[in-house]
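Number of protein chains: 4
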Amino acid sequence: MKIQIFCVGGTIDKIYFDAKSKYEVGSPAIGKLLAELSIHFSYKVDSLMAKDSLEMTDEDRRLIREAVMNSSSDRILITHGTDTMPETARALLGIDGKTIVLTGALAPAIFRDSDAAFNVGGALAAAQSKPAGVYIVMNGEVFDGDKVRKDVEANRFVGLAS
Amino acid sequence: MKIQIFCVGGTIDKIYFDAKSKYEVGSPAIGKLLAELSIHFSYKVDSLMAKDSLEMTDEDRRLIREAVMNSSSDRILITHGTDTMPETARALLGIDGKTIVLTGALAPAIFRDSDAAFNVGGALAAAQSKPAGVYIVMNGEVFDGDKVRKDVEANRFVGLAS
Amino acid sequence: MKIQIFCVGGTIDKIYFDAKSKYEVGSPAIGKLLAELSIHFSYKVDSLMAKDSLEMTDEDRRLIREAVMNSSSDRILITHGTDTMPETARALLGIDGKTIVLTGALAPAIFRDSDAAFNVGGALAAAQSKPAGVYIVMNGEVFDGDKVRKDVEANRFVGLAS
Amino acid sequence: MKIQIFCVGGTIDKIYFDAKSKYEVGSPAIGKLLAELSIHFSYKVDSLMAKDSLEMTDEDRRLIREAVMNSSSDRILITHGTDTMPETARALLGIDGKTIVLTGALAPAIFRDSDAAFNVGGALAAAQSKPAGVYIVMNGEVFDGDKVRKDVEANRFVGLAS
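Taken in order, these protein sequences are the chains called Y, S, Z and C. Everything in the first sequence is counted per the numbering used here, starting at 90 for the first residue and increasing by one. Everything in the second sequence is counted per the numbering used here, starting at 90 for the first residue and increasing by one. Everything in the third sequence is counted per the numbering used here, starting at 90 for the first residue and increasing by one. Everything in the fourth sequence is counted per the numbering used here, starting at 90 for the first residue and increasing by one.
Hints may be right or wrong, so weigh each one.
Identical chains blur together in the list; that is why a pair holds if it fits in one copy or across any two.
Claimed, not checked - Only pairs whose alpha carbons sit at most 25 angstroms apart, straight line, appear in this in silico SDA-like list of lysine to any residue:
{"no.": "1", "residue 1": "Lys239", "residue 2": "Leu126"}
{"no.": "2", "residue 1": "Lys187", "residue 2": "Ser161"}
{"no.": "3", "residue 1": "Lys187", "residue 2": "Met158"}
{"no.": "4", "residue 1": "Lys239", "residue 2": "Glu113"}
{"no.": "5", "residue 1": "Lys187", "residue 2": "Arg150"}
{"no.": "6", "residue 1": "Lys133", "residue 2": "Gly248"}
{"no.": "7", "residue 1": "Lys187", "residue 2": "Met138"}
Source of the hints: derived by calculation from the structure; they are not laboratory data. Small disclaimer: the values here were computed from a predicted structure and weren't measured.
Modelling step: build the complete structure from the supplied sequences, incorporating the hints.
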């Protein structure tokens with residue numbers, strides 16, 4: 090098994106700069122997270138961009154789609170901001186022969202109570218278990234990429250009826 | 090979706106008693122872990138026993154198999170000690186129509202660097218994604234229940250060639 | 090012993106709002122922190138304001154000084170933003186008969202690697218151990234309130250030669 | 090300032106070996122703990138022994154007393170098991186010109202909810218703030234070394250009336 094991990098920013102990677110009292114997107118959290126666990130399959134982490142997902146453009150999504158298509162791996166995990174994760178999922182539909190799983194976190198990975206490790210564990214398992222297609226793993230659930238939205242009020246992902 | 094979670098003990102549930110300077114198996118860690126996350130699907134946690142997996146008997150495994158067969162759910166997650174997790178997986182083979190996923194942790198869930206949340210996230214995703222059968226999710230991998238062993242020296246799970 | 094704890098905001102209390110992608114000062118972190126420890130002396134936590142310390146005004150410092158003077162306790166702990174902690178310490182000089190200790194954190198208490206618990210432990214010990222006067226406890230050191238500055242570049246507190 | 094830190098074992102240093110399902114005393118936790126914080130004063134960590142404090146003998150306490158007396162530093166911090174910490178404190182009474190502070194933890198430093206960082210922060214502050222003598226810092230309090238006992242039932246330290 091070989092999993093290609095692409096990181097594009099989002100809350101999971103958010104860090105905090107004291108002087109300026111604001112968050113910025115830092116280096117991919119999933120790299121440190123996996124390095125601290127006992128992982129023995131082959132994976133590669135590449136940062137494509139480091140953006141708050143609200144600021145992602147069509148051009149950014151085109152770039153992600155290209156990276157996925159050009160990857161030699163057919164198991165792709167993408168860490169992504171939560172606000173527009175469903176939009177990016179839809180922009181990745183229709184790529185033959187690849188299982189593409191998006192995940193992220195509702196709280197930065199550096200937080201004591203972050204959901205990052207739980208979500209990444211789920212996304213890795215889905216990437217190995219699901220047939221080709223696009224999926225979002227958040228809140229402990231594996232959603233089809235074209236049947237999920239973020240409920241911003243409730244701060245969670247909700248499946249759409251088929 | 091409805092997931093039935095059975096807990097039988099193991100390292101994931103280990104706690105520590107200062108006075109006696111030793112570990113004992115405590116109440117199921119997965120209950121607290123899921124309660125602290127934002128989980129919105131229906132799940133039920135039942136503790137079947139609280140044993141170090143080295144002490145599990147054929148009778149214990151018969152009891153687990155019965156609980157799985159009697160469950161009205163066809164998605165089953167079992168938290169289990171790591172040392173004999175593959176033996177229990179094999180004792181659960183051949184149950185029709187149910188996806189059964191075993192997981193646990195190499196370090197107790199109360200440890201700062203425990204793999205518990207990561208593993209449970211993976212096991213939940215596998216339980217939703219895999220066809221009927223028995224699986225072990227450890228070290229970020231989804232193993233077939235009849236093709237995995239624990240490498241005790243290396244303290245990790247290894248897949249067996251088909 | 091009775092310790093009065095005043096909270097005025099700062100990094101230690103910073104929380105993060107996903108929707109807006111920015112930090113805001115939340116409720117006093119020291120309350121939750123002490124509640125989770127096994128503390129048996131009498132203490133009281135009062136929030137005076139919730140400000141980034143760069144935004145603190147002379148009026149704010151007058152308000153803090155009044156609260157300290159009006160407190161019936163002679164052991165006072167103040168959690169405060171780090172950037173202007175020395176200024177507030179100086180504004181509290183010359184209050185007879187009270188040991189006043191300021192502390193805070195370089196990383197929010199909700200962060201995995203926050204120095205909050207370490208600093209608060211130090212501040213409590215200093216409040217019990219020091220004669221009347223004003224002190225800052227940061228970076229594991231007990232500084233005299235009139236002989237300390239924050240080295241913003243190095244992100245740490247440095248004592249001034251007497 | 091120069092602080093000499095001696096480590097003699099105890100719960101704070103407890104680690105866990107999966108294979109044997111039991112705890113053992115590991116290398117000094119205070120070294121890692123301080124290394125991860127932003128500490129800029131000079132300190133030295135020396136491990137004198139690695140014992141559960143229930144197993145400490147008079148000979149062990151004689152060895153600790155000698156190490157303290159032979160140290161060139163007059164600010165000494167000792168991390169110690171909690172069960173007999175008061176006994177060791179009493180064995181260190183009457184050393185002229187040195188401030189000696191004992192601390193430890195009710196839960197191992199590797200636990201998510203350990204009191205280790207909080208206690209060590211307090212012990213460092215007390216070592217800097219107190220006149221020569223012997224002290225115990227536990228549960229957020231600075232106790233005189235000859236006026237404190239551990240309440241084993243309540244799992245906490247209690248001051249004795251003078």
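Q | Earlier hints that do not hold, by number | A | none
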